[in-house]
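S.K.: Quick mapping for you: the protein sequence lines, in order, are chains C and S. Counting from 1, one number per residue, gives the positions in the first sequence under our numbering. Counting from 1001, one number per residue, gives the positions in the second sequence under our numbering.
In silico lysine-lysine, PhoX-like type, Cα no more than 20 angstroms apart, as pairs:
id : chain 1 : residue 1 : chain 2 : residue 2
1  : C       : 72        : S       : 1342
2  : S       : 1342      : S       : 1017
3  : S       : 1324      : C       : 131
4  : C       : 131       : C       : 114
5  : C       : 131       : S       : 1328
6  : S       : 1328      : C       : 107
7  : S       : 1284      : S       : 1256
8  : S       : 1239      : S       : 1017
9  : S       : 1339      : C       : 72
10 : S       : 1342      : C       : 114
11 : C       : 106       : S       : 1328
Derived from the structure by calculation, the hints contain no laboratory data.
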Amino acid sequence: MTELSRIWRETEYRYNLIGYKCKNCNRTYFPPRDICPYCHRESIGKMEKFKLSGNGEITSYSIVHESSSAFKRQVPYVMALIKLNEGPVITAQIVDCDPDNVEIGKKVHMAFRKIREDGTNGIIEYGYKFKLA
Amino acid sequence: MSGIVSYGSYIPVYRIKPEEIARIWGDEPEKMRDNLFIFSKSVPSPDEDVATISVEAARNALSRCDINPQDIGAIYVGSESHPYAVKPTGTIVAASIGMPLQYFAADYEFACKAGTAGMQNVKAMVDSNYIKYGIAIGADTSQGAPGDALEYTASAGGTAVIIGKEKVIVEINHTLSVSTDTPDFWRREGEPYPKHGERFTGEPGYFKHIIAAGKAMMEKMDTKPSDYDYAVFHQPNGKFPMRAAKMLGFTEEQYKTGLLTPYIGNTYSGSTMTGLSAILDEAKPGDKILAVSFGSGAGSDAFDMTVTDEMKKYKRDRAPTIKKMIEKIMYIDYGTYSKFRKIIITGDSVE
Ligand SMILES: [Zn+2]
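Can you build the whole structure from these sequences, using the hints too?
M.R.: Listed below in structure tokens is the structure:
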């Protein structure tokens, strides 16, 4: 799969934090998956799209000082593990904060940001990041 | 009658002060601050652009009402700093707020009045029953050339308004525009920074169009300045809108709520609409509002509006107010500003 196809395919869930809910056991997954790892065959045909609220809390984080050239303008920045209110845990950047103010347990809310851009003439990829609530 | 059903804004958290810009370029800090009447301007983070600002503003507007995004039939995004020269901002916003497959869309450009031009278009489509709801956004991340006077004011921010006929919080009683071909300010394709035709920026540009549109509106509606509770004008700096207000016969009491440039700078296409947003944050049923935007090149859009009883039930507190966006900020120095705004030449280690 080319990079462009991946970006296009992931647009819906990256823009709107759309995951899947298993209608068999009610567990929520993000990123989306076709089969529930708990219900296996029982979940076939029962995985439904589910829009997550975008609210969660930080369960772990690290401050990034070394990064690729694409993120150099944002260094130092915070990458965190976020437990969403609906259950799934995702990794995302925490923006608009002093890294010293980030703590485990702090509430965060989804923000819409540029994720990366392919140079000055390529495609711009957008999606979710988070900010302190 | 049709009007605003919901509204929402977004202003980046970063700010730079005129004193800090003056320190680098050797200007007199007090002179720049006082001449332009500006205390700070907003600066977008490297991962923000007109698309992200528009999405945040649109999401704030949607969270204040219970409109199903599937009922939004049009989106017009006005800006002079769209992320792509070719590829619409509007479709990125539509996808991120869950609009249906069938909608009217285009990106607009008319210097700083492209957002209000979108409002007029959406209102016309609602009035003619082509759509149930439409969304118009004015947003920019404009840059002034380093060392140019515009660098003190060119900032980032935007506002989205949803227009419809049901549960209208602000009736748009009338709208009109004036336009002329004026060389006051322009940017050629592919050029990073705009140029201004010095002697055309004040009288023949800004004032002529704002005053003409404001007067024409009051004539059309048979109103006088004292009939309005609030007035908001395009704000390229803090001084111009105050002078325009006085020329038209408005008092500080009427224009102070919508005057945001002193705190956030000139958000270009976001300017008049964000000033209106600050007014709607506190307006009460029955309040009358006059809004007049200005876009170089040049033209003005005027709106005569009345706040309805529906405002009492409207959930303003479901999204951050302008006041909150002005209070919750982080100051940066010129070095960080030039890193964020890509105005330093970098090697291979930085994209
Ligand atoms: Zn399951």
